[in-house]
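Kindly generate the complete structure, drawing on both the sequences and the hints.
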Amino acid sequence: MRRWSDCWPTKLRNMRAVAPIWILLCATAHAAPPTPSSTSSTHVQVGYSEATDLFNLLDNLSDWLPGFTVPVYRSYMEAHGGLDQADLAALAAYADFRRRTSGLAKDNDLEVVDRVFAPDVTREADPFSRHFLGSENFEVSANAAIAEQSADDQRLLRAYFARFVPRASRLIAVAPRFEQQMRVLSEELSNPAVSRLASQMRDFFAVPEPPVFEARFVWWPEMDTTQAKVRGRTMLLYSQHDAPSGTASMDWAPILLHELSHYLSAGQPSARKRMLAANFLRLCPSAATLRNPLNTLEEPLAIYWGQYRFEHAVRGRALPMASQWYIQADADRAAKAIAASYPASGAVPLLDDSALLAAAASACKQIGMETKAD
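Per mature numbering (1 follows the signal peptide of the UniProt record, and there is no 0): the sequence shown = residues -31 to -1, 1 to 343.
Just so you know, the hints here were simulated from the structure itself, not pulled from any lab data. The model shown is predicted, which means the values in this text are computed figures rather than measured ones. We put the CB at the ideal spot given by N, CA and C, even for glycine. Incorrect hints may appear among the rest.
[What the hints assert, rightly or not] Distance windows between CB atoms, simulated:
no., residue 1, residue 2, range
1, 109, 255, 36 to 42 Å
2, 142, 290, 38 to 44 Å
3, 160, 290, 37 to 43 Å
4, 57, 286, 46 to 52 Å
5, 284, 251, 21 to 27 Å
6, 109, 162, 36 to 42 Å
7, 244, 285, 32 to 38 Å
8, 310, 55, 53 to 59 Å
9, 190, 323, 42 to 48 Å
10, 243, 105, 38 to 44 Å
Structural data, given as structure tokens:
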């Protein structure tokens, strides 16, 4: 299955985390923490973890599962110092290890009805990477992750980390890290309107309140784009470091809500997702021809909530229909079709409403639905 990986054009420009900041998205900006029975809040811990940052670079370096991993880190390292034959052999061995041991590489034959909504695995980080997500010490995390492997794979991984960790460490330490972006994101998430929007999203997908999330900034080498990904309860925000002027590199709050939409969507019961997907595919049979059917419904819904309704509910503004809301054209069109039928100034839609599915499916009828969409 071609996995979704949200990619965004960069708007601004670039940080090192001070102590992690706890953001409580609750009914008021200064409300006390809720009791365990409360269903009115979402917790997000915004911070930086060197272990997570290092692992993200090292895990992507081999691009072992295209669509889940990205090639930009390898390209950057090739252009800045190069990779010799021994490096390439180590990357190939690591890629083979990850494909052999990660369940993520074993779900390529899912039926199309299981590829319209975010898959269940979105909500869980794979066992190997789980050791590094949110951890503060890379060496401790690496030792724990390696200890769970076979003797041969232990040797492979120790050699891989010994070869690449020094270079990766230099890359992620090029500047003070993400202080400004963390501060701006923290301020935006403390807005009570964000909490209300998150609550509406949970009701829309009819799922329980999610657990504590960790939003972790990781270094991203490209200047003109960035990404955000869900790794279980960790949201990775791929960013350039803060610029010397202290300018934040990206408008992160709506992107975080966009990723929350994916996490909530993945938590729907499988039977419900399959039923809704089957209903949608009857309205949009061309979705089955796409490399990534998620761009026909899952992604448009995340854009509708994370970008369109966020802009109205939190900032009191409307996203112009003529502007580009999202980098992928099919998803952008479908999100705008949903927004035209369910404007943010009106009532919140229901996912079970056949008219909502029809609105998203109306984009399928437009010439230009690309069979090679990502």
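Each hint, compared with the structure:
| no. | hint | verdict |
| --- | --- | --- |
| 1 | 109 to 255: 36 to 42 Å | 49 Å, violated |
| 2 | 142 to 290: 38 to 44 Å | 43 Å, holds |
| 3 | 160 to 290: 37 to 43 Å | 25 Å, violated |
| 4 | 57 to 286: 46 to 52 Å | 49 Å, holds |
| 5 | 284 to 251: 21 to 27 Å | 37 Å, violated |
| 6 | 109 to 162: 36 to 42 Å | 39 Å, holds |
| 7 | 244 to 285: 32 to 38 Å | 36 Å, holds |
| 8 | 310 to 55: 53 to 59 Å | 57 Å, holds |
| 9 | 190 to 323: 42 to 48 Å | 44 Å, holds |
| 10 | 243 to 105: 38 to 44 Å | 40 Å, holds |
Against the hints set out earlier in the document, violations occur for numbers 1, 3 and 5.
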